[in-house]
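Enquirer: One line per chain: the protein sequences are L and R, in this order. So the first sequence is numbered by the numbering used here: it starts at 6 and just counts up by one. So the second sequence is numbered by the numbering used here: it starts at 929 and just counts up by one.
Errors might be hidden in some of the hints.
[Stated by the list, open to error] So the derived label-pair ranges between C-beta atoms look like this:
(1) R:Ile1085 <-> L:Leu34: 20 to 30 Å
(2) R:Phe1029 <-> L:Ile31: 49 to 59 Å
(3) R:Leu934 <-> L:Ile31: 36 to 46 Å
(4) R:Ile1085 <-> L:Asp40: 14 to 24 Å
(5) L:Asp40 <-> R:Lys1032: 34 to 44 Å
(6) R:Tyr982 <-> L:Met6: 47 to 57 Å
(7) R:Ser1211 <-> L:Tyr28: 29 to 39 Å
(8) R:Met1121 <-> L:Leu34: 45 to 55 Å
(9) R:Gly978 <-> L:Gly15: 49 to 59 Å
(10) L:Ala41 <-> R:Ile1229: 24 to 34 Å
(11) R:Ala1108 <-> L:Ala41: 24 to 34 Å
(12) R:Tyr982 <-> L:Tyr32: 57 to 67 Å
(13) R:Lys1405 <-> L:Gly15: 57 to 67 Å
[As the list claims (entries may be wrong)] Here are the computed lysine-lysine pairs in the DSS-like style, where the Cα-Cα straight-line distance is at most 27 Å:
(14) L:Lys55 <-> L:Lys37
(15) R:Lys1412 <-> L:Lys55
(16) R:Lys1244 <-> R:Lys1257
(17) L:Lys37 <-> R:Lys1057
(18) L:Lys37 <-> R:Lys1244
(19) R:Lys1244 <-> R:Lys1326
(20) R:Lys942 <-> R:Lys1405
(21) R:Lys942 <-> R:Lys1257
(22) R:Lys942 <-> R:Lys1320
(23) R:Lys1187 <-> R:Lys1244
(24) R:Lys1326 <-> R:Lys1405
(25) R:Lys1091 <-> L:Lys37
(26) R:Lys1320 <-> R:Lys1187
(27) R:Lys1091 <-> R:Lys1187
(28) R:Lys942 <-> R:Lys1032
(29) R:Lys1091 <-> L:Lys55
(30) R:Lys1057 <-> R:Lys1279
(31) R:Lys1187 <-> L:Lys37
(32) L:Lys55 <-> R:Lys1279
(33) L:Lys55 <-> R:Lys942
(34) R:Lys1326 <-> L:Lys55
(35) R:Lys1326 <-> R:Lys1412
(36) R:Lys1405 <-> R:Lys1032
(37) R:Lys1257 <-> R:Lys1320
(38) R:Lys1320 <-> L:Lys55
(39) R:Lys1326 <-> R:Lys1257
(40) R:Lys942 <-> R:Lys1326
I should point out that these hints are in silico values taken from the structure, not numbers from a laboratory. Values in this document were obtained by computation on a predicted structure and should not be read as measured data. Even for Gly, the Cβ is constructed at its ideal location relative to N, Cα and C.
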Amino acid sequence: MNIAELQAYGYFALTAILVLVLYGYIYHLYSKREDADGHDYEEYSNIALKDDVTDTPVSAISDDKEK
Amino acid sequence: MENRPLEYDYTVAKLFMLTTILTGIVGMLIGVILAFQLAFPEVNTILGSGLAEYTNFSRLRPLHTDAVIFGFTLSGVFATWYYVGQRVLKVSMAESGFLMFIGKLHFVLYIIGVAAVIFSLFAGVTTSKEYAEFEWPIDIAIVVVWVLWGISVFGLIGIRREKSLYISIWYYIATFLGIAMLYLFNNMEIPTMLAASPAGETGFGAWYHSVSMYAGTNDALVQWWYGHNAVAFGFTVPIVAMIYYFLPKESGQAIYSYKLSLLSFWGLMFVYLWAGGHHLIYSTVPDWMQTMGSVFSIVLILPSWGSAINMLLTMKGEWQQVAASPLIKFMVLGSTFYMFSTLEGPIQAIKSVNAIAHFTDWIVGHVHDGVLGWVGFMIMAALYHMAPRVFKREIYSKSLMATQFWIQTLGVVLYFTSMWIAGITQGMMWRAHDEFGNLAYSFIDTVTVLHPYYTIRGVGGLLYLVGFLMFAYNIYKTMTVGRKVEESELQNASPMGA
Ligand code: HEM
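The task is simple: from the sequences and hints, build the whole structure.
Expert: Here is the structure:
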């Protein structure tokens, strides 16, 4: 096997792996409502809608410290 | 210390808004000149044959592309970053003297870079690689500018109050990483003064000249991997970042599906990088790479439409806003043009279609329905939304904005329809032959036939430029005489004067 063939197989394997990862991610997203922090994904839209400096963050950095 | 409530600091955003408008005017003006040169060759020597060196098509073309890409679009990306970044991370640049300094330095070096580019391209100093024309000293300066932007992005993320990164931030990060990688690899070059001939001669050419590190087919491959992904990470990814922020914010509607936005993000990242081969169909690159380029181009429809449909559905039940607000019109039409050009591109990437489309004006038509209808509309909409918030004044004139919208829409339609007809006519004429295989037409036959379409394109481009000048005027008036507004008027729909 020469280098060009190796590259082609490597490329195919990489594509296949990436496809699996991508579909895995889709499954992961759509099989649950909430992410690891317990937030409904759709809540994150509010990051843009309530974005004054005085608005409360959707998930504040300081929550971590308080927990 | 004075005890004032914390506010977002838009100093750097304002500076970049200014360069977006200035480079937009310059770049599009040159575009219009180019369009008329193609229709009426006399325009090449419009300032007399003594200055023809500076006014001819070939000298001006890279100035157009680089001014609109690295000037207008990139300034727009920076301006919106310095606005959106603070807001969705809920942290003000005023809170960090360091980031404020980096932001200003970023702007100053960017201006120096832009000046160097304009000067050197007018002087005819170029590496002759499309969208990568800059010689090595300028490349180094550009890398520094990019690194400074990176420090701004990650610095702001580092001091944020909002833990989750809003989807637009993902897209801005991807822009930063994508362009960094592409730019570095494609611009690998060796100054000619370091080269030596087999006979032992050294020190060729001027000190600023260089040659690419790649040669022949490899050079073409790297170049179009870069060229196509410059479209991806310059004209698509950061513009999607903008629409995901500005459309929901202006309309007051939550994104239709936040999950879909995450999914399309990874889909786009996964697919885009492999599609560049479609620029090299029927060339000397390996056949499987050409096929790969075609196939990935088709698959690219999915993530592209994922974002675009998500945006259109965000307006679900709120279509009266599209009728009422010219600002929302710009974004909804932008999103529609995005869908349109991400369908047209894949069609052109199919091998048999490409055999007709390649090297013709259809490609130029495709480029411009994307950049005028999508990139240009979205950047102008973003600046319109930002203006009342950064200047604390109402947008000067709603009716002017609406008029501009219709003039520019007409301009875009004239541009791409004329280029479709011209391109397909050209493609068909080039390949037409008689039963013995003799070509039916000579090149000049096609030029004669295309003349009316080139004229129509010039008129379309001129309309777009006129609209852009109306935009510049509207923003200038907003800045100087717009009615002052209170914070409470700035929640969603932007305040506009008659
Ligand atoms: C007033 C509006 C504009 C006009 C009249 C215009 C006109 C032109 C012309 C005549 C060309 C050369 C086509 C050829 O070589 O046959 C061109 C190329 C190009 N323009 Fe524009 N342009 C405009 C705005 C823009 C904007 C806003 C962008 C990007 C943000 C843009 C991006 C490009 C690119 C990337 C190319 C190279 C296309 C290729 O190589 O296939 N243009 N434009």
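Enquirer: None of the hints should be skipped; say for each whether it holds.
Expert: Comparing the hints with the structure gives:
With their beta carbons about 23 Å apart, Ile1085 of chain R and Leu34 of chain L fall inside the hinted range of 20 to 30 Å. Separated by about 43 Å at the C-beta atoms, Phe1029 of chain R and Ile31 of chain L break the suggested range of 49 to 59 Å. Under the hint 36 to 46 Å, the C-beta atoms of Leu934 of chain R and Ile31 of chain L, about 40 Å apart, fit the expected range. Taking 14 to 24 Å as the suggested C-beta distance range, the pair Ile1085 of chain R and Asp40 of chain L conforms, at roughly 18 Å.
Restraint check, Asp40 of chain L to Lys1032 of chain R: a C-beta distance of roughly 37 Å satisfies the suggested window 34 to 44 Å. The hinted range of 47 to 57 Å is satisfied by Tyr982 of chain R and Met6 of chain L, whose Cβ atoms lie roughly 55 Å apart. Taking 29 to 39 Å as the suggested C-beta distance range, the pair Ser1211 of chain R and Tyr28 of chain L conforms, at roughly 33 Å. The given range of 45 to 55 Å is respected by Met1121 of chain R and Leu34 of chain L, whose C-beta atoms sit roughly 54 Å from each other.
For Gly978 of chain R and Gly15 of chain L, the Cβ-Cβ distance of about 57 Å falls inside the hinted range of 49 to 59 Å, so the restraint holds. At roughly 32 Å, the beta carbons of Ala41 of chain L and Ile1229 of chain R sit within the given window of 24 to 34 Å. For the hinted restraint 24 to 34 Å between Ala1108 of chain R and Ala41 of chain L, the CB-CB distance of approximately 29 Å keeps it satisfied. One distance hint, 57 to 67 Å for the beta-carbon pair Tyr982 of chain R and Tyr32 of chain L, holds here, with the actual separation near 59 Å.
Restraint check, Lys1405 of chain R to Gly15 of chain L: a C-beta distance of roughly 58 Å satisfies the suggested window 57 to 67 Å. Straight-line distance between C-alpha atoms of Lys55 of chain L and Lys37 of chain L comes to about 25 Å, which keeps the hinted pair within the 27 Å bound. Proposed proximity of Lys1412 of chain R and Lys55 of chain L is supported: the alpha carbons are some 23 Å apart, at most 27 Å. Using a Cα cut-off of 27 Å, the hinted pair Lys1244 of chain R and Lys1257 of chain R holds, with the two alpha carbons roughly 14 Å apart.
Pair hint Lys37 of chain L plus Lys1057 of chain R does not hold up; C-alpha atoms about 48 Å apart against a cutoff of 27 Å. Distance check on the hinted pair: Lys37 of chain L and Lys1244 of chain R sit about 24 Å apart at the alpha-carbon level, within 27 Å; holds. As the CA atoms of Lys1244 of chain R and Lys1326 of chain R are separated by approximately 24 Å, the hinted pair is consistent with the 27 Å bound. Proximity of Lys942 of chain R to Lys1405 of chain R is assessed by CA-CA distance (about 15 Å); at most 27 Å being required, the pair is judged to hold.
Of the pairs offered as hints, the one joining Lys942 of chain R and Lys1257 of chain R holds, with about 24 Å between alpha carbons and a cut-off of 27 Å not exceeded. Simply put, Lys942 of chain R and Lys1320 of chain R have alpha-carbon atoms about 12 Å apart, close enough for the 27 Å limit, and the pair holds. The suggested pairing of Lys1187 of chain R with Lys1244 of chain R holds, with an alpha-carbon distance near 17 Å, which does not exceed 27 Å. Taking the CA atoms of Lys1326 of chain R and Lys1405 of chain R, the gap is about 12 Å. The hint holds against a cut of 27 Å.
At most 27 Å may separate the alpha-carbon atoms for a hinted pair to count; Lys1091 of chain R and Lys37 of chain L meet this at roughly 20 Å. For the proposed pair Lys1320 of chain R and Lys1187 of chain R, the alpha carbon gap of about 34 Å is over 27 Å, so the pair is violated. Taking the CA atoms of Lys1091 of chain R and Lys1187 of chain R, the gap is near 17 Å; set against the 27 Å cutoff, the hint holds. Restraint check for Lys942 of chain R and Lys1032 of chain R: the C-alpha separation of about 11 Å stays at or below 27 Å, so the hint holds.
Among the hinted pairs, Lys1091 of chain R with Lys55 of chain L is consistent with the structure: their alpha-carbon atoms are about 14 Å apart, no more than 27 Å. Only pairs whose Cα atoms come within 27 Å are accepted, and Lys1057 of chain R paired with Lys1279 of chain R is accepted, the gap being roughly 24 Å. About 11 Å separates the Cα atoms of Lys1187 of chain R and Lys37 of chain L, which keeps this hinted pair within 27 Å; it holds. This hinted pair does not check out: Lys55 of chain L and Lys1279 of chain R have alpha carbons roughly 48 Å apart, beyond 27 Å.
A distance of roughly 22 Å separates the Cα atoms of Lys55 of chain L and Lys942 of chain R; the hinted pair therefore holds under the 27 Å criterion. For the hint pairing Lys1326 of chain R with Lys55 of chain L, the CA-to-CA distance comes to about 25 Å; that is within 27 Å, so the pair holds. Distance check on the hinted pair: Lys1326 of chain R and Lys1412 of chain R sit about 16 Å apart at the alpha-carbon level, within 27 Å; holds. For the proposed pair Lys1405 of chain R and Lys1032 of chain R, the alpha carbon gap of about 25 Å is at most 27 Å, so the pair holds.
Using a Cα cut-off of 27 Å, the hinted pair Lys1257 of chain R and Lys1320 of chain R holds, with the two alpha carbons roughly 23 Å apart. Distance check on the hinted pair: Lys1320 of chain R and Lys55 of chain L sit about 18 Å apart at the alpha-carbon level, within 27 Å; holds. About 12 Å separates the Cα atoms of Lys1326 of chain R and Lys1257 of chain R, which keeps this hinted pair within 27 Å; it holds. Under the criterion of a C-alpha separation no larger than 27 Å, the hint pairing Lys942 of chain R with Lys1326 of chain R is consistent with the structure, at around 21 Å.
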